Structure formats: structure tokens, C-alpha cells
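6 protein chains.
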Amino acid sequence: VNILVINPNSDARMTRAIGRTAERFAAGAYRTECLAAPGAPRFIETYEDEMRTAPGMLKLVREGERRFNAFVVACHCDPNLDLLKEATAKPVVGIGEASMKLASMLGHAFSVISATAGSIPNKLALVRAYGLESACASVRAAADGDYLRAARLALRRDGAEVIVLGCAGMTGWDGKLRKALGVPVLDPVVCGLIVASGLAACGAGISKVRRYGAGG
Amino acid sequence: VNILVINPNSDARMTRAIGRTAERFAAGAYRTECLAAPGAPRFIETYEDEMRTAPGMLKLVREGERRFNAFVVACHCDPNLDLLKEATAKPVVGIGEASMKLASMLGHAFSVISATAGSIPNKLALVRAYGLESACASVRAAADGDYLRAARLALRRDGAEVIVLGCAGMTGWDGKLRKALGVPVLDPVVCGLIVASGLAACGAGISKVRRYGAGG
Amino acid sequence: VNILVINPNSDARMTRAIGRTAERFAAGAYRTECLAAPGAPRFIETYEDEMRTAPGMLKLVREGERRFNAFVVACHCDPNLDLLKEATAKPVVGIGEASMKLASMLGHAFSVISATAGSIPNKLALVRAYGLESACASVRAAADGDYLRAARLALRRDGAEVIVLGCAGMTGWDGKLRKALGVPVLDPVVCGLIVASGLAACGAGISKVRRYGAGG
Amino acid sequence: VNILVINPNSDARMTRAIGRTAERFAAGAYRTECLAAPGAPRFIETYEDEMRTAPGMLKLVREGERRFNAFVVACHCDPNLDLLKEATAKPVVGIGEASMKLASMLGHAFSVISATAGSIPNKLALVRAYGLESACASVRAAADGDYLRAARLALRRDGAEVIVLGCAGMTGWDGKLRKALGVPVLDPVVCGLIVASGLAACGAGISKVRRYGAGG
Amino acid sequence: VNILVINPNSDARMTRAIGRTAERFAAGAYRTECLAAPGAPRFIETYEDEMRTAPGMLKLVREGERRFNAFVVACHCDPNLDLLKEATAKPVVGIGEASMKLASMLGHAFSVISATAGSIPNKLALVRAYGLESACASVRAAADGDYLRAARLALRRDGAEVIVLGCAGMTGWDGKLRKALGVPVLDPVVCGLIVASGLAACGAGISKVRRYGAGG
Amino acid sequence: VNILVINPNSDARMTRAIGRTAERFAAGAYRTECLAAPGAPRFIETYEDEMRTAPGMLKLVREGERRFNAFVVACHCDPNLDLLKEATAKPVVGIGEASMKLASMLGHAFSVISATAGSIPNKLALVRAYGLESACASVRAAADGDYLRAARLALRRDGAEVIVLGCAGMTGWDGKLRKALGVPVLDPVVCGLIVASGLAACGAGISKVRRYGAGG
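Chains as they are written, first to last, in our numbering: chain A, 570 to 785; chain B, 570 to 785; chain C, 570 to 785; chain D, 570 to 785; chain E, 570 to 785; chain F, 570 to 785.
Watch out, some of these pointers could steer you wrong.
Note that identical chains are pooled: a pair holds if it fits in a single copy or bridges any two copies.
Stated by the list, open to error - In silico lysine-lysine, DSSO-like type, Cα no more than 27 Å apart, as pairs:
(1) Lys628 / Lys777
(2) Lys745 / Lys628
(3) Lys777 / Lys745
(4) Lys777 / Lys748
Since the hints were derived computationally from the structure, they do not count as laboratory data.
A quick note: this is a predicted structure, and the numbers were derived from the prediction, not measured.
Produce the entire structure from the sequences given, and follow the hints as far as they go.
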């Protein structure tokens with residue numbers, strides 16, 4: 570099994586960090602490659618950023634169709650996920666969807682720690698689209714990058730029992746936070762890999778009837 | 570990673586079939602063991618059956634706490650799942666919850682093929698408890714064990730794009746049905762393993778604050 | 570009409586208190602008997618407690634089938650309710666379900682006062698399972714047993730208009746709180762009796778087709 | 570306890586039938602009186618009918634405030650229920666709300682048999698307002714007054730396990746249908762009495778804070 | 570196009586204010602007339618007020634059927650809306666429904682500023698009836714008529730992005746608040762006109778099959 | 570008021586038809602201009618089509634910012650709506666959202682007639698995103714372009730009371746269908762204009778705090 574992890578932004582440091590997490594987690598059981606979408610903007614913060622990175626993401630999937638068994642979209646707002654699901658019959662997994670659905674299996678409710686306050690409404694729209702309204706205690710922004718404090722507030726005030734790191738850029742912080750908080754903390758990149766590698770291994774992929782029927 | 574797959578019923582043939590699927594899917598990447606719950610009834614069809622198998626399931630988790638890194642409940646009605654999640658801080662994964670949440674990532678809507686008509690209301694209650702109402706096209710019983718016919722009706726009439734095998738006893742039928750139907754077909758035992766092994770590998774488990782806080 | 574009120578725990582003082590409430594409320598219009606489930610744990614606080622009390626509860630229903638016209642489960646977390654509904658065609662009423670559904674007819678929204686913070690997530694799951702999300706203003710724990718204070722906060726901050734006592738152990742407190750708060754306060758044991766005696770009197774009971782079809 | 574059952578229409582035969590059901594069910598345990606709303610239209614089929622009957626219904630509640638301990642609105646579309654709840658601190662129970670909420674405790678899903686096809690959308694709006702979407706299998710009109718046939722279709726095609734008679738005019742048909750169908754069949758007038766008499770007996774009534782705070 | 574704006578209360582100053590807003594907004598593109606419902610109470614604050622104004626509102630629609638092309642109900646609690654929709658095949662638009670549905674197209678979530686705390690539960694019931702639960706951030710009462718402060722709290726604490734003036738009596742305040750807040754502020758009277766005039770212009774009106782089939 | 574109607578596809582015949590509808594409906598009360606997105610694909614049927622048309626649509630909004638007071642996206646699947654809402658503080662209205670929200674004010678439930686079966690899942694996802702699940706009776710594809718037959722089935726079998734034409738290409742068919750069916754039939758292009766012109770006239774536009782805060 571060979572998995573392509575797509576970083577929708579062009580931040581090289583983030584691509585490397587995501588790649589390291591992927592390799593370490595795969596641990597030789599399967600291969601992973603992390604590539605930034607060609608022509609991607611520096612960050613994915615706006616709907617326009619999502620649009621600008623779409624053609625590059627699609628190109629990676631199209632060209633990787635033969636070589637890879639599954640694709641992971643390594644941005645927690647799951648940009649262009651429908652587009653890529655349409656483009657291939659291989660599994661395409663958004664780390665937002667994967668991390669929140671896995672989190673819902675580990676406790677009564679999870680909270681998402683978001684990098685910026687501006688992304689909260691969009692994340693809430695995803696929560697609703699994925700049917701996770703009652704499983705999601707809150708989406709909280711980490712002011713000044715203080716993830717720990719945001720997570721503590723989620724546990725104390727919002728009734729969260731599980732924490733989801735709401736940005737690919739937070740990859741690698743799960744262990745430290747888990748120790749400090751004493752609750753499960755999910756690294757979304759890892760969650761994407763769990764689902765993508767598992768589905769690829771069992772031969773399942775995106776359904777090509779109706780909704781995503783155009784390609785693949 | 571070492572995973573205990575718990576068959577809540579005492580059907581030896583089913584325990585073996587589930588065990589074979591698990592071993593074949595793990596393929597050496599991690600170890601799996603499949604055990605029937607001691608004192609389990611022959612089948613799990615009623616709420617009383619679920620009650621009768623509870624003490625044995627709990628015993629397996631308690632005694633396996635040290636030896637195993639995760640637990641899979643290999644019955645699609647997820648019997649006693651809250652009980653086991655409470656009993657340990659390791660991942661405990663119901664194959665019903667895992668298969669339906671994974672299915673929701675592969676298409677617009679999935680249908681569950683159930684072994685008997687009698688289990689349909691209970692499965693619909695699970696669908697609702699898991700927040701999957703809009704992702705679930707239907708739960709259909711396979712009259713006379715004709716899974717293929719039930720799945721075809723789900724695709725044609727209910728708008729399903731993905732099929733979930735709704736009974737551990739159907740394990741191994743996914744490949745054959747996928748070929749016949751041309752859509753993804755999920756083996757729930759495999760889905761349970763994907764989630765359990767993945768969570769165990771990344772060090773996440775059941776949250777011990779609030780809802781499942783009593784044990785583990 | 571003769572109603573068996575089942576106390577799922579073994580606290581004799583609580584069994585007596587529940588029994589007194591039942592007798593006083595029935596006031597001779599029908600007979601009530603309150604029995605603790607044989608082999609029950611001291612309190613019902615965990616899913617394991619629920620499991621341990623299940624066989625005794627089932628025994629009471631099975632053996633009482635002839636003698637009683639209806640059964641009330643006198644614990645606000647409605648433990649093993651599906652199991653007992655399956656076991657008989659007589660009415661089986663959980664005091665959690667009955668009290669919250671009656672409360673929803675008396676005002677825009679109700680709040681449940683819970684004995685412990687630990688039971689809040691489980692109660693929220695019941696609220697959702699019963700379709701009462703928009704009718705439930707909040708579930709609040711009474712720190713240090715101060716029900717009055719918890720209820721006042723529910724009225725002031727959560728928009729509650731009706732209070733539900735969320736524990737059989739609070740039985741008898743409704744009058745005092747009603748006076749202090751000036752809003753309806755429901756004793757869940759009484760609510761269970763209202764529904765159970767009424768259904769028994771009109772000859773209705775648990776449906777034996779599909780979901781609870783196995784017994785009775 | 571003395572309960573006023575309000576027939577919102579002026580059909581004398583229906584008032585008598587409802588009154589008979591009420592007396593027979595109360596069986597001396599409490600007193601009931603059934604009165605038609607003064608100035609009521611012949612039938613309640615339209616929103617205008619609901620408007621025309623409102624002043625008379627309000628008059629009955631206002632003038633009966635001292636004499637009666639609870640009020641039942643004996644029309645399954647629960648006309649002017651908010652208005653009456655506002656007018657008194659005694660219990661006011663709509664037979665639509667009471668019958669459907671009681672039905673939801675007896676099986677996985679209920680169906681309402683409606684007298685006319687025209688009332689289906691309005692009943693569906695009530696189902697949603699009461700949070701009963703997942704508990705309601707269907708609302709079916711009885712073509713040519715053939716309740717039995719409509720109920721059979723509900724059981725066979727819609728997955729209903731419990732039948733609710735969706736019109737006060739059907740009062741008294743529950744026993745016959747129960748025998749023919751083998752499932753619980755609820756007479757809504759009886760359901761209204763169960764809830765109203767029970768709430769009156771325990772001293773609970775409509776909350777006078779916020780939503781219904783204007784009167785009573 | 571000629572539109573009748575119905576003020577359900579008898580406050581002459583409010584009728585004039587609503588009429589001025591309507592004329593100014595129509596700006597000659599269509600004609601508007603604002604009439605108080607004959608026999609209306611001074612204010613619409615209770616369900617009884619809604620009942621008292623119903624016959625006058627119905628009379629205005631019946632008598633205006635020929636002369637007017639559409640009707641606007643100029644009270645944000647949409648009193649008797651079903652009644653009027655039933656009475657005519659012309660468009661009948663409640664300013665509550667129109668303003669909240671338009672607001673949902675301008676941002677992630679809106680808040681309603683209510684004139685009194687007492688009307689909050691009723692407005693929340695409307696929000697739910699209209700399917701706007703996830704689009705509505707909050708309903709907030711303006712203590713002492715300080716709309717600006719209430720709106721600021723909605724933006725800061727509730728996550729609102731759009732403000733809806735929740736009372737016809739607030740008509741004309743939108744411009745001032747928009748300037749002070751920097752977000753869209755909707756005048757509900759204007760919203761009602763937008764929808765009513767638009768629907769009238771394209772020849773659409775209330776459907777006369779099923780739910781509102783009795784009249785018109 | 571000057572409104573830009575954007576056709577996201579490059580079909581010149583459709584651009585002209587949409588433009589004609591817009592001009593005729595505006596009838597001189599405001600100006601409209603209909604432009605195809607530069608570089609748009611021939612049709613918008615896939616997520617890739619939506620991606621390909623995004624840059625051109627954005628360009629039209631950016632360049633039209635000064636000249637136009639509002640923007641209408643004239644494709645019923647509301648492609649790239651979030652993107653355009655983010656790009657300007659003027660109103661941006663999708664004809665899918667506008668037509669379905671207006672339809673929900675004219676009857677109990679509406680059905681959408683879709684041009685192709687393939688677009689049904691995507692439309693259902695929109696229905697859910699807009700909170701219209703209970704207002705939408707069904708989405709039906711018109712086999713062989715027979716809109717009338719599809720609409721008749723929606724009325725007879727699905728309980729629809731209002732019909733929404735689910736494709737900009739169906740513009741102009743509303744009058745003919747209304748006559749044949751006897752129920753309201755909404756032309757989505759007209760609906761988009763009603764909302765866009767109305768919002769522009771009252772000075773409201775897309776909120777620039779949080780969700781769509783990046784531009785405009």
C-alpha cells in the first residue's frame with residue numbers, strides 16, 4: 570500500500586512535518602509520500618485559497634492514480650474533498666472528516682481546537698454536514714497558539730471528553746497534549762492515514778455511482 | 570499491536586470465520602485473536618441475548634487489559650459497547666459503528682444489509698444514535714440470505730451508493746458482492762480492525778473523563 | 570390494576586422511599602409494590618452497575634408477569650429498559666422517559682437536575698434518543714445535593730420553565746422545590762406511575778411486533 | 570380530581586361519544602365532564618375552524634378554572650393548545666400530543682391513522698413540533714373510513730409497531746382494532762385523560778414563567 | 570402590484586411607521602397599503618392577543634382578495650400565518666419567516682433582537698418550525714430597548730454575523746444599527762415586502778393543495 | 570439597482586434565456602445583465618465543472634464590484650457560492666438557495682425537479698445544508714426532459730405542494746407547468762432576482778465578520 574498525503578498549501582515546513590508524521594506512523598507497514606499541491610497558496614484560510622489549490626490537488630490525484638492506493642487531504646477544513654472523491658475510485662480521505670468521526674468513537678463528545686477564530690464557522694458547517702452536531706462539544710480557537718489552554722476550556726466548560734487538533738500544522742502535538750490533559754488527543758494527519766490505509770488495504774474506495782460518479 | 574476480537578455469541582464456526590478474516594486482514598502487521606465471550610448464547614438476536622453475553626464480554630476485556638492493545642466487538646448491533654468502553658482506556662470498537670462511519674466517507678449514502686427483518690428497528694436506533702440519519706439510505710433485510718438481491722434493491726430504490734454487511738456472520742462476502750454490484754461493500758469485521766488497530770497504534774483510547782470514566 | 574415498581578439498586582432506604590411515594594400517589598386507586606432487583610448493586614452509577622442489575626430486573630418482570638399489570642423502572646437513567654420492554658407485553662415504563670416526556674407538555678423547555686456530574690453525558694444521550702433535544706434546556710448536576718440551587722440556575726441561565734428531578738432518590742422533593750421555585754417540578758417516580766397505570770388501565774402495552782417482539 | 574374534556578367542535582354525537590369514553594375510563598377514580606366549545610363550528614378541519622372555536626374554548630377554561638383540576642383538548646390536531654396553556658396554571662393536555670408521546674413509549678415507531686388526507690401535512694407539522702420525527706413511522710389517511718386497512722398498511726409498509734387513532738371521532742375503536750391487528754392501538758381521548766388526571770393528581774400544571782406566563 | 574401590509578395590533582403610531590417604511594421601500598415600484606386589523610388588541614404579546622386579532626386579519630385578507638396581489642403580516646411572531654395562508658391563493662408572507670430566511674443567506678448565523686424576554690421561547694419555536702436551528706445563533710431580548718447593546722452581545726458572544734430586528738416596532742432602525750455594528754441588519758417589514766412583492770410579480774402564491782387547501 | 574446574473578456555464582443559448590427571463594422579470598424596475606463566466610465549461614454537471622468555472626465567476630464579481638449592486642449565481646446547484654459570498658459585501662444569491670427557501674413559504678413541502686438523476690445526491694446535500702430537510706418532499710429527475718410527469722409524481726406520491734424548477738436551463742417553464750399542475754411552480758432565476766434585488770435595495774449584503782470575512 571502506497572499513500573499520497575496531499576498538503577493543499579505551499580508551506581514547505583508544513584509539508585515536511587506532515588510527511589514526517591506520516592512516515593513515522595506508517596512505520597514501514599505501508600509507504601507514504603507527502604506532496605504540496607503545485608501552485609498552492611501559502612496558507613488555506615479563505616474560500617479563495619481553497620479554489621486556488623484545487624487544480625494542483627486534482628493534478629496530484631490524476632497523476633498519482635496508478636502509483637498510489639489512497640489519498641489523504643492534509644488540511645482540517647477538507648478543501649475540495651468532493652472534487653477529489655469524484656476524480657478517483659481509490660479512497661480519498663479528508664483529515665477533518667476522519668479525525669472527527671474517529672473522535673466520536675472515543676467519548677461522548679469531542680472539541681476541535683482551531684488555529685484561528687476565523688475558521689470556526691466553516692468548521693461548524695463541516696460538523697453539521699458530517700452529522701456530528703451532537704458529538705461535537707465545541708470548536709475553539711487557540712488564541713496565541715495556546716492549544717493547551719483552549720483544550721482545557723473545552724474540557725471544563727464545553728463538556729468535551731476528546732480533543733481533535735484542528736489543523737494539519739498542529740501535527741505532532743498530540744502526545745504532549747495527551748500527557749498534559751489526560752484525555753485522548755487526535756492528530757488529524759494520523760487519523761487520515763488510519764482510514765485511508767485501512768480502506769485501501771481492504772479494497773474499498775469511493776463509490777462511482779451517482780454522487781461521485783463522474784471520474785475514476 | 571495485539572487486538573482482541575470478541576465474538577459475543579458462542580457459534581464456533583462464526584468465531585473461526587471472524588478470526589480468519591482478522592488474521593488475513595492484519596496480514597502480520599499486527600496480531601489478532603478472536604475469542605467467543607464465555608457463557609455467550611448461540612446467537613445475538615434479542616436484548617436478552619445481549620444481556621446474557623455481557624458478563625463474558627466484560628471478562629474478556631478485563632482479563633485481556635494487559636495483553637491486548639485494543640478490542641473489537643464483532644457483532645453489528647454493537648451489544649454492550651458502552652459497558653466495554655467504560656471498562657478500559659484502550660480502544661473499544663463496535664463493528665456496527667466503525668463500518669457505518671467508514672461507509673459514510675465513501676459515498677453520499679450507504680445501506681446496511683441485515684440478516685433478519687427483526688433487527689431493522691434496532692439498527693435504525695443505532696443509526697440515529699451515531700448521527701448517521703442522513704448518511705443512511707436504508708436498512709434492508711436479506712430474505713432467505715440473498716444478500717445480493719437486498720443490496721441491489723438498496724442501490725436501485727433507496728439511493729444507496731455503498732453497501733455495509735450488517736452482520737459479523739457475513740464476513741468474507743464483501744469481495745464477491747463488490748464484484749457483482751460494482752460499488753464498495755464493507756466487511757464490518759475489517760472495518761472494526763481498521764479503526765481499532767489505527768487508534769491503538771497512535772496511542773488513543775477511550776476517554777476516561779465523564780461518560781466512560783468509571784474504569785480503565 | 571397492580572403495578573410493580575422496580576428499584577434497580579439494593580439501597581433499602583431508597584426502595585422504601587420509592588414505595589411510599591408510589592403508595593401515596595396511587596392512593597388506593599390501584600395497588601403498587603416496590604421491590605429491589607435481586608442481586609442489584611448498591612447504586613446504579615456505571616454501565617457495569619446497569620449490567621449487574623439486569624438479570625434481577627428481568628427476573629422480577631418474568632415472575633411478576635401474571636400478578637402485575639404494568640412495570641415501572643425506578644431509576645432515572647432507564648437502565649435495561651429495552652430488555653424489559655422485550656420481556657413482556659404489559660407496559661414497561663422508565664421514569665426517565667416518562668418524566669421528561671410529561672415535562673415537555675408543561676412548558677417550552679425543561680431541565681433535569683442530576684445527582685452527579687458524571688451522569689450528565691448519559692442523560693444527554695437519553696434526551697437525544699427520546700427526541701427531546703429541543704425540549705431540554707439543560708441537564709445540571711446538584712453540587713453537594715443542593716437541588717434548589719441547581720434548579721435556580723437552570724431557570725435563570727438555561728431558559729428552563731419546568732424542573733425534572735433526575736434521580737429516583739430525589740423522590741418526595743417535588744413539593745418543597747415547587748414552592749420555592751414557583752414552577753412545576755416533576756417527581757419521576759410519580760411520572761412513571763401516571764404513565765404505567767394509565768396504559769395498563771386502557772389495555773395498552775409494549776408492541777410485540779419487530780423491535781420488542783422476542784418475548785411477552 | 571375533576572377534569573373538563575373540551576370538544577372543540579359542535580357535533581353533539583361526538584361530544585357524547587367522547588364523554589362516554591371519558592367516564593368509562595375514569596371509572597369513578599375521578600370525575601370528568603365533556604363540553605363542546607360554545608360557538609364552535611361543526612367540524613375542525615381548517616385553520617379557520619380552529620380560529621372559530623378558539624374563543625369558546627378559552628371561555629370554557631376561564632369559567633372552569635375553579636371547578637376543574639385539568640383540561641383535555643379532545644381534537645387530535647391540538648387546536649389552540651398554546652392559547653389554553655397560557656390561560657391557566659392547571660394542566661392542559663392536547664390529545665394529539667398525549668397520544669403520540671405515549672405511543673412513543675410502546676414501540677420503535679407509531680403510525681397515526683387520520684380521518685382525512687387533508688389533515689396529513691398539519692399532523693406532520695405537529696409530529697415535528699413535538700420532536701417525534703424518528704418515532705413516527707407515518708401518518709396515513711383512512712380512505713372511506715376503513716381504519717383497519719390504513720393501520721394494516723402502516724404496519725406492513727411503514728414499519729409501524731403501534732397505532733394511534735388520529736381523531737377524537739374514532740374514540741372507542743381501539744379495542745376492536747387491537748384485536749384485529751395484534752398491536753397496541755391508542756385511543757387519543759383516553760391518552761389525554763391519562764396525562765391530565767395524572768398531572769392534576771400530583772399537583773403539576775403549566776409553567777407560568779416565560780412561554781405561557783401571561784395568564785393563570 | 571398592490572400589497573396589503575397588515576398590522577395585527579391597533580397601535581396607530583406603529584401602523585403609520587410600518588406604512589412609511591413600506592412606501593419608502595416600495596419607492597413607487599409597487600403600491601403598498603398598511604392597515605391595522607380591525608378589532609385588534611393594543612399589542613401582540615400573548616397567545617390570547619394573537620387570537621383576538623385573528624378575525625380582523627382574516628377579514629382584511631378576505632375583503633382585500635380582489636384588490637391586493639399579496640399580503641404581509643407585519644408582526645415578527647407571525648401570528649395566524651397558517652390561517653391567512655389558507656384563506657387566499659395570493660402570497661401571504663410573515664415578516665418573521667421572511668426576515669430570518671433572508672438573513673440565513675447573508676452569513677453563517679443570525680441573531681434575532683427581541684423587544685421582550687417573554688417572547689424568546691415563542692421565537693425559538695418559530696426558528697425550529699422554519700428549520701433554522703443551525704442558522705440561528707441566538708434570540709436576545711433588548712433590555713430597556715437598547716437594541717445596540719443586545720446586538721453587540723449577539724455578535725461577540727453568540728457568533729452572530731447578521732442581525733434581524735425581531736419586532737415590527739423596530740422598523741426603521743436598521744440603517745443606524747448597521748452603521749454602528751458593521752454587519753447586515755435586517756428590517757423585517759422590508760424583508761416581508763421583498764418576498765411578497767417578488768412572489769406576486771412572478772405569479773406565485775400559496776399552494777391550494779393539501780395543507781392550505783381550504784380557501785382562496 | 571443593477572444586478573449581474575452569472576451563468577456558470579458557457580452555453581450561449583442558456584445565457585440568453587436566463588438573460589431574457591431576468592430582463593422580463595425586472596421589467597425596468599432595475600437593470601440586469603447576464604454574463605457567462607469566462608473560461609466556463611459547457612455544462613456544470615460535475616465537481617470538476619464547478620472548479621473549472623470558479624476563477625471566471627470570481628473574476629466577474631471582482632470586476633463587477635463597482636458597477637453592480639448584487640450578484641445572482643444562475644445554476645441550481647449553487648456552485649462556488651461560499652467563494653463569491655467571501656469576495657464581496659454586496660448580496661450574492663444562489664438560485665438554488667433562493668428558490669428552495671421561497672418555496673418553503675408557499676406550502677407544507679416542495680419538490681425539486683432535477684434535469685438529471687446524477688445531480689440528486691448533490692441537491693439533497695444542499696437541502697440539508699440549508700436546513701430544508703422537512704420542507705423538501707423530494708428531489709426528482711425528469712426522465713427524458715418530461716418535467717410535467719416528474720412534477721405530477723412529486724405531487725401525487727411525495728406529498729409536494731409546490732414545485733421548484735431545479736435547473737437554470739428550465740427557466741421560462743414555470744407558467745406552463747403552473748397551468749398544467751394547478752400548484753405554484755418557481756422559476757429559480759426569478760427567485761434569485763427577487764432576493765438579490767430586494768437585498769440590494771435595502772442596503773443589506775454579505776456579512777464581513779467571520780465566515781465570509783476575507784474580502785469585499
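Hint check:
When the C-alpha separation of Lys628 and Lys777 is checked against a cutoff of 27 Å, the pair qualifies only within one copy, where the shortest distance is 19 Å, while the shortest distance between copies is 32 Å. For the homomeric pair Lys745 and Lys628, neither the shortest alpha-carbon distance inside one copy (36 Å) nor that between copies (33 Å) is at most 27 Å. In this homomeric assembly, Lys777 and Lys745 come within 27 Å of each other (Cα to Cα) only across copies, at 17 Å, whereas the closest approach inside a single copy is 41 Å. Proximity of Lys777 and Lys748 under a CA criterion of 27 Å is satisfied inter-copy only: 13 Å between copies versus 42 Å inside one chain copy.
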